[in-house]
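K.L.:
If you want the building blocks of each chain, they are given just below.
There are 2 protein chains.
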Amino acid sequence: MLLEARHPTGEMIIGAGAFHGTGPMIHAVNPATGENMDPGFAGATPSDVARACALAAEAFPTYRETSLEVRARFLESIADEILALGDALIERVMAESGLPRARLEGERGRTCGQLRLFAQVVRAGDFLDVRIDPAQPDRLPMARPDLRLRNIAIGPVAVFGVSNFPLAFSGAGGDTASALAAGCPVVVKAHSAHPGTSALVASAIRTAIEASGLPEGVFSMLFGTGGDVGAALVADPRIKAVGFTGSRGGGVALMQIAAARKEPIPVYAEMSSINPVLLFPGALAARGEEIGKSFAGALQLGAGQFCTNPGFVIAIDTPDVANFVKGACAAIDGGAAQTMLTPSIHAAYDRGVEALAGHEDVTTLVRGAQPTGPNQARTGLFEVKADSIGSEPGLLHEIFGATSLMTRVRDVDQLRDLLVDIEGQLTISIHMEESDHDAVATLLPVMEEKAGRILVNGFGTGVEVSHAMVHGGPFPATSDSRTTSVGTLAIRRFLRPVCYQDMPQSLLPEALRADNPLGLWRMSDGMMGRD
Amino acid sequence: MLLEARHPTGEMIIGAGAFHGTGPMIHAVNPATGENMDPGFAGATPSDVARACALAAEAFPTYRETSLEVRARFLESIADEILALGDALIERVMAESGLPRARLEGERGRTCGQLRLFAQVVRAGDFLDVRIDPAQPDRLPMARPDLRLRNIAIGPVAVFGVSNFPLAFSGAGGDTASALAAGCPVVVKAHSAHPGTSALVASAIRTAIEASGLPEGVFSMLFGTGGDVGAALVADPRIKAVGFTGSRGGGVALMQIAAARKEPIPVYAEMSSINPVLLFPGALAARGEEIGKSFAGALQLGAGQFCTNPGFVIAIDTPDVANFVKGACAAIDGGAAQTMLTPSIHAAYDRGVEALAGHEDVTTLVRGAQPTGPNQARTGLFEVKADSIGSEPGLLHEIFGATSLMTRVRDVDQLRDLLVDIEGQLTISIHMEESDHDAVATLLPVMEEKAGRILVNGFGTGVEVSHAMVHGGPFPATSDSRTTSVGTLAIRRFLRPVCYQDMPQSLLPEALRADNPLGLWRMSDGMMGRD
Chain A
12 MLLEARHPTG
22 EMIIGAGAFH
32 GTGPMIHAVN
42 PATGENMDPG
52 FAGATPSDVA
62 RACALAAEAF
72 PTYRETSLEV
82 RARFLESIAD
92 EILALGDALI
102 ERVMAESGLP
112 RARLEGERGR
122 TCGQLRLFAQ
132 VVRAGDFLDV
142 RIDPAQPDRL
152 PMARPDLRLR
162 NIAIGPVAVF
172 GVSNFPLAFS
182 GAGGDTASAL
192 AAGCPVVVKA
202 HSAHPGTSAL
212 VASAIRTAIE
222 ASGLPEGVFS
232 MLFGTGGDVG
242 AALVADPRIK
252 AVGFTGSRGG
262 GVALMQIAAA
272 RKEPIPVYAE
282 MSSINPVLLF
292 PGALAARGEE
302 IGKSFAGALQ
312 LGAGQFCTNP
322 GFVIAIDTPD
332 VANFVKGACA
342 AIDGGAAQTM
352 LTPSIHAAYD
362 RGVEALAGHE
372 DVTTLVRGAQ
382 PTGPNQARTG
392 LFEVKADSIG
402 SEPGLLHEIF
412 GATSLMTRVR
422 DVDQLRDLLV
432 DIEGQLTISI
442 HMEESDHDAV
452 ATLLPVMEEK
462 AGRILVNGFG
472 TGVEVSHAMV
482 HGGPFPATSD
492 SRTTSVGTLA
502 IRRFLRPVCY
512 QDMPQSLLPE
522 ALRADNPLGL
532 WRMSDGMMGR
542 D
Chain B
12 MLLEARHPTG
22 EMIIGAGAFH
32 GTGPMIHAVN
42 PATGENMDPG
52 FAGATPSDVA
62 RACALAAEAF
72 PTYRETSLEV
82 RARFLESIAD
92 EILALGDALI
102 ERVMAESGLP
112 RARLEGERGR
122 TCGQLRLFAQ
132 VVRAGDFLDV
142 RIDPAQPDRL
152 PMARPDLRLR
162 NIAIGPVAVF
172 GVSNFPLAFS
182 GAGGDTASAL
192 AAGCPVVVKA
202 HSAHPGTSAL
212 VASAIRTAIE
222 ASGLPEGVFS
232 MLFGTGGDVG
242 AALVADPRIK
252 AVGFTGSRGG
262 GVALMQIAAA
272 RKEPIPVYAE
282 MSSINPVLLF
292 PGALAARGEE
302 IGKSFAGALQ
312 LGAGQFCTNP
322 GFVIAIDTPD
332 VANFVKGACA
342 AIDGGAAQTM
352 LTPSIHAAYD
362 RGVEALAGHE
372 DVTTLVRGAQ
382 PTGPNQARTG
392 LFEVKADSIG
402 SEPGLLHEIF
412 GATSLMTRVR
422 DVDQLRDLLV
432 DIEGQLTISI
442 HMEESDHDAV
452 ATLLPVMEEK
462 AGRILVNGFG
472 TGVEVSHAMV
482 HGGPFPATSD
492 SRTTSVGTLA
502 IRRFLRPVCY
512 QDMPQSLLPE
522 ALRADNPLGL
532 WRMSDGMMGR
542 D
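Chains as they are written, first to last, in this note's numbering: chain A, 12 to 542; chain B, 12 to 542.
If you are wondering where the hints come from, they were derived from the structure by calculation, not from laboratory data. You can take every hint at face value.
One copy or two, either will do: identical chains are not told apart, so a pair holds if it fits within one copy or between any two.
Listed below are the simulated SDA-like cross-link pairs for lysine to any residue, each with C-alpha atoms no more than 20 angstroms apart in a straight line: (1) LYS304 x LEU376; (2) LYS273 x GLU434; (3) LYS273 x LEU406.
Can you make the complete structure from the sequences, with help from the hints?
P.N.:
What follows is the structure, given as C-alpha cells:
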C-alpha cells in the first residue's frame, strides 16, 4: 500500500479508480470537539452510483466463480491490509467517532477476525449446501432424473456503513465480509459520520483486490449526505440485496424502495431493539445489587450505543428489587457523561430522554453526571408502572444511547402479558437462579417468538462472531427474522439455490461433480456425507 | 372418518368445527360441461378469518414443540386419510378440474408421497440446523459464552389453494406440508375452482389432527371469492408467512399487503415463468424432429397448465431448425383441444393467444384443433423475429396454457443477449449434444442468474419432489429467489434461527443438549458431526 493511502484524500473508490465526487460536501465532525475534520468528501452523483453498480455487475460472473481458496485468501488479505494501515487508521477512527483507543483496537481485531472466520467458512464450503439426488432410471411409473443443487451468490450487494461500528460493521465489516464470502461484489455507501475511516478501509480492500487479481468491480465505496445516494443504490437494477444497520426509519425506507422496484430484492435491515432484561426473584435475592451494578456497566458501555443495549428492565416485584435498583443507581450516579458518536445521535438521544423523563407516568431513578463537553450524554435510568405501558407503546421505542426504562410486574403472568405485547427484539436477557427455572421455562416459548437470542445471566452487549450467533429477530429488530447479520450464518443472506438436472459431469460446477473434488459435505438422497 | 365426510357439505373447517359461511356463495364449475356444481360454499367473513388465525396462534406454541416423531406421524397420517377418501376424492377433483383420472391419481400419489417425504425430513431433524459454539471460559481478552442455535417455526402460515394442482399444491399440498413439517399451523384459503376437493382434503387433515391429539388450530380452511378473504388473511397480525402459487398480479398484490403490515412478513409467491427452451445446433442436427415432437408433448401436457410449461423456444438458427418445427407442428396440428381448469383461465388463455397471434411481428406456425366443448383450448405455436422482442417485452409475458412462442437467433452471442434481457424463470431447458458443450458452457452463468433449475435434454414439466429440487427463481418467477416451493428445502421458508446463550442444560431444547438425545447432525465449532 502506498504511504499516502494512509491519509484520506476525499476521494471515493469506484472500481480501480479514486474520484472526487461532485455532490454535496461531507465533513466528518470530531464529536469530542465539535470541529469539522479535513478533508471534505464530496458526495456521489447518480452517474457515480450507476458506474459502481455497472462495475459490480461486470465483476459478478467472475467473482462468484472464484475458487474457494482464492476467495478465502482474498478475505484474509483484506484483514492483512487493514492491519497494515496501522495506527493511522485507529487515530482517524478515534477522531471521527469519539470512541476510545482500546475499544477501536478491539473492534479492528473483531473486524479482521470476522474476515478470517469467513475465509474458513468459504474454504469449508458448507454454505454451498450441496444436495444430490442421483438418477433412478428404472423407477416406476417414471424415471427420476439426476438432480444436483448448489447455492450461488445472489448478485451485487449494497452495504450501508454503520455509525456505531465504524470498522466491524462498515466498509469491511460484517455485511461486506459475508457478502464477499458468498461471492457477491459489494458497493458500500459510507456512513457520513466516518468518511475518512471508510476511505482508509476502502483503500485496504482495493489493495487486496489488486493483489488477488480480482476484477475491479468487486468493491466500490460511495459517499453521500442525506438519503439520495443510498436510495439510488438500492433502486439500481443491478443491486440484488441490501445490508443495513441503523434506525427504524432508515431501514423501513430502504425496505419500501426495495419492494417498489420492478424486481423487488431482499433488504437485511437491523433496526431497533430495546433488549428486555428479565429479573427473576431467585436471582434478585441472591445477587440483586451485583446484577444492578453489572447492568449499569452494560448500559453505559460505549455510551450505550449498541443495538443490544439493555433499554428495558422487567423485574418480578419482590423486596429484593430494591437491591438491584441500589446497585444500578450507585454505579450510574455521578458517573461521567460520555461523548456520543455524532451531533445528530446526541441530539436524538437528548430528545428521547427528555420525552421519557417528562412523561407523566415515568419517574427518574438516577441520572449520570452532567456533560462537560460537546456531544456528551448523561446516562438515565427511569421507571414506569407496568400498567402504563399497554396504553403508551411509545414508551418502549428505542432510545439509542445509555438510557433504560424499568418496570415491575406482579408475577409471571403479568410478565408474560408484557412480553406478548412487545415488538420483536434482538435479545432478551434472563437473570435467574435455579429456583427460577420453572418460571423461566414457562416463559421461554414467548421469548423465542420475540427475540433472536436469549441469554442467561448476562447482557446482550458483546456479540460473539461465531457459527451459532444470531444477531437478528422479528420485526422491527430486523426486516427479516430468518437471518442474522453477525456470525457465519450471515452468509446465507446472499445466496440462492440453483438445481442442475441431467447435466453432464463436464458441465457441472466442481461442487456438484460425482467425485467431489472439493471434498465438501454433501447431502446425497437425503443423507449427509463427504464421499 | 365418517362416511358423510366423503361428500362435501359446503362447510368451512375452522379448527375442530365445520361452519357454513355467510359471505358470497361459491359454486365450483365443471369446466367440461360449464355447469355449476353442488353444494355451494358460502365465503368466510372477516370474523371467520380472525377466528381461524386466533386458533392457529393458540395452537402454535404446542404444535411447534411437538416431538419430531409425533409431527412426522401426523404428516403420514394426513397421507393415510387422503387415501382413505378413496374414489370419492378422485371423482370430485375430476369434475371440478376437468383433469383426467390418471393424472389425478398420480397427483394424489405425489401429494401423499410429499407428506411422507416431509415426515422423513422431520425425523432426520437436519432442518433444525443446530449449531453449537461451546464456551471458552479462558479465552482472552474475553471469555466466550456457550452459544447454541436451532431453527424454530416462524408462526402460523397462510396458504393459498392453487388452480392447477388441486391436490399437490392446495389443501394438503407442498406449501401446507412444508409449513406443517416446520411446526407452523396453517390456514388455507381454498381455491374457488375446487372447493369440494378442498373440503374433502380438509376433512382428512382434520381427522389426522384429532387422531394425533394435536390442538385444533393446527389447520383451518376458509372459502371466499374475490380477494377479500385472502387479503384479510395475509393482513392478520397472527399470520407470519404466506405460501402462494398463482398469477403475477395475485402474487404481487399479496406481497404489497404483506409489506404494508405493521409487521411485514415473508411472502413465498410462485408466479410467472415462460421457461425458455434453448435449442443448440448439435442437438437440432442429431434429432431436431424428435425434440420437436417431445416439445409438443410437454407443451400440451395437462392443457399446458403448468408453471413449468415451455412457453418460449430459442433456436440457434441452422437449416436443422426446420426439423424441430416439422416435428412440433406434426404433433400439434389437428391435436384435440383440451378442457382447461376454469372458465376464467380459459378466457384469459384465449385473450392472451389472440393478442399474440394478432401481433404484427408474430406469425402462426401451427394451431391445434378447434374446441368441441366448453372451456377447451387450442394449442398454439407462434414465431417472432428475435429483433422484435427487445422492443416488445410484453411478448414474453406468460400465457398460462398450451401456447409457446419461438424465435431464432443468429449465434451464441445473440442468444446470450436475449437471455440477459429476460425476466427471472423457474426453469431453462437446454437441448444439446456433446458438440454443443462449449457454447452451453459459455451461457451457463447467465442461465444460473436467470433460473432456479437448468435442465438438459428434457422439459421443466414433471417437477420431482426431492431434496435437490429447486422450484423457484428470480422475480417474477417467484417473490423470493432464495427459496423453493417444491422439494424438502421448502421447509426452510418457515423457519427462523434462535440462539441460546449460557442456557442451563435443563432449560435447553432437546435438540441443543450436550448429549444430543435426538441424534442430530450438528455443527460444533464449525465442524459437522453427530456425537
